[in-house]
Amino acid sequence: MEKVADIKDPVLVEEKNTDFEVRSLDAVCINQEEVQVPKWHLIKYMLLGVLFGIILVKSEVISWFRIQEMFRLQSIHMFGVIGSAVVVGMISVFLIKKFKVKTIYGEKIVLSDKKFNKGQIYGGLTFGFGWALTGACPGPLFAQIGSGATVIIVTLLSAIAGTWIYGRFREKLPH
Amino acid sequence: MSFIEWIKQPWPWYVAGPLIGLMVPTLLILGNRTFGISSSLRHACAACAPGDIAFFQYDWKKETWNLLFVAGIVVGGFLAASFLSNGLPVNVNPKLVEEMSGYGITNYTGTVPTDIFNWPALLTARGLIMMVLGGFLVGFGTRYAGGCTSGHAIMGLSNLQWPSLVATVSFMAGGFIMANLVLPFILKL
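If you read the protein sequences in the order shown, they are chains A and B. Each residue of the first sequence is one higher than the one before, starting from 1 at the first, in our numbering. Each residue of the second sequence is one higher than the one before, starting from 1001 at the first, in our numbering.
Heads up, some of the hints might be wrong.
[Said to hold, decoys possible] Each computed EDC-like pair below joins lysine to aspartate or glutamate, with the alpha-carbon atoms no more than 20 Å apart:
#: 1; chain 1: B; residue 1: Lys1062; chain 2: A; residue 2: Glu33
#: 2; chain 1: B; residue 1: Lys1061; chain 2: A; residue 2: Glu33
#: 3; chain 1: B; residue 1: Lys1062; chain 2: A; residue 2: Glu171
[Stated by the list, open to error] Listed next, the stretches of chain A that the computed footprint assigns to chain B, with coverage defined by at least 3 CB atoms under 8 Å from CB atoms of chain B:
#: 4; region: 47-58
#: 5; region: 62-71
#: 6; region: 88-97
#: 7; region: 147-160
#: 8; region: 165-175
Read the hints as simulated data drawn from the structure, not as lab findings. For every residue, glycine included, the Cβ atom is placed at its ideal position computed from N, Cα and C.
Chain B extracted, bound-state conformation:
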């Protein structure tokens, strides 16, 4: 197998996880930056629409690095999908495939299920809830919690912060409740 073929395969968790973990010391050593992505959403508010809200009254330009980091993620996502991907569908548990087929979700090639995440679907109740309400909850919840998977689960836990453990357990609890108890009804819409 050539290097290119090898790199185009999905990376196993024990390769990807440690690489993600190394973001923590890399950012610290490059310039004392703490790993955290949801803050970029706040900086976007502070830059574009601070209004007279105290929470957004700060010099967002001092956080430019964070906005550059997320811009880099967009570019990285493009590069990986365009040049480093074999285009094969994601290989998930057959039980999930069976459940999803019941909701008409059969296309596993994209990062999101294109059967429900597409532009026309924004006009449907299901699409609106999943894309618009879902996004809103992500933005509202991460700031309310003071961080997301990167800031709390990875950075916070790495620094042995127990409030981050509380936050991480809450993320998971919320996800379990939504995915198992509520999402089935939304997917049936």
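This is chain A alone, in the form it adopts within the complex:
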């Protein structure tokens, strides 16, 4: 019993104090309000998700065929969608920084920098293979299921399994 405690204790203590660090470990969403916000306010993110889902379907970016077209350079559609989204995103972030725009709760908007590691190349290529096979990145997987392609539930579960396996072998992979 003591032996187990000996081995486990330092790790546990560290983990308890570094929740934020573990979450921020190559995650993209780590910010949250310092001010107390009622739980039901989270519903706004669901409504925004609904809107995003509608856009994904209406723009056909969740179409397997559109993805195949993109990777065969047969249409401008997907490049136009991603390209114009990036341009609008860039202008928005620029304006937010320039005018120090605050959140609706009056808090400063914080954007953290991404650190380079080789995972962005190896993982990026791996995701690219999966993207061309399934015709979907994670967002579209959810939209495809909603649009009635129920079998994609299997693909989504498999994607969750893939994430789990990555977490399991993270220490052994080159980064």
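Please build the complex by placing chain B on the supplied structure of chain A, with the hints as guidance.
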């Protein structure tokens, strides 16, 4: 043309793209959230099967917003397909149609080709590779890369992060290799 008829048409890229781009400032202003979807897969692991894996030892409840966002995407997908769609097949390049007909793919009405993405097809080698292995690669690769099309290509590039550019180029390279060099053999199975 009535409004309903108009909205039921597919939206052109120059309408959809900017709307997607506006997700970035909207999430930031609504509560300092950064746009990113693949993280939801990690939160699902942390919530359901963290095991003793350090990568999943965190308070996933603090990321509830992300899970609500993806739940919203499912609902939005349902609403758009049920009420805002004209049900016409997607209008793709004739060259693609010609290539796909060679693999027996002829139905363009769904978001995925129902000729190969269906429940019975899970028992075929082709279906298994495309749906199960494909999904696995998406989940494994996005987390390994630290983000997906939303987190890296849109959010990361919007914030001028060069590692996100590396990731985006890698996504594209992987996709080009798979679609052009490997997929033809898989589709022939």
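Status of each hint after checking the structure:
Pair hint Lys1062 (chain B) plus Glu33 (chain A) holds up; C-alpha atoms about 11 Å apart against a cutoff of 20 Å. A hinted pair counts as satisfied when its Cα atoms are at most 20 Å apart, and Lys1061 (chain B) with Glu33 (chain A) qualifies at roughly 14 Å. Distance restraint check for Lys1062 (chain B) and Glu171 (chain A): the Cα-Cα separation of roughly 25 Å exceeds the 20 Å cut-off, and the hinted pair is therefore not satisfied. Requiring three or more residues with a Cβ within less than 8 Å of a Cβ of chain B, the coverage given for the region 47-58 of chain A holds, as 12 such residues are present.
With 10 residues having a Cβ less than 8 Å from any Cβ of chain B, the region 62-71 of chain A passes the three-residue criterion, so the hint holds. Check result for the region 88-97 of chain A against chain B: holds, 7 residues qualifying (beta carbon to beta carbon below 8 Å, three or more required). Counting residues of the region 147-160 of chain A whose C-beta lies closer than 8 Å to any C-beta of chain B gives 13; at least three are required, and the coverage claim holds. Coverage of the region 165-175 of chain A by chain B holds in this model, with 6 residues showing a Cβ closer than 8 Å to a Cβ of that chain against a need of three.
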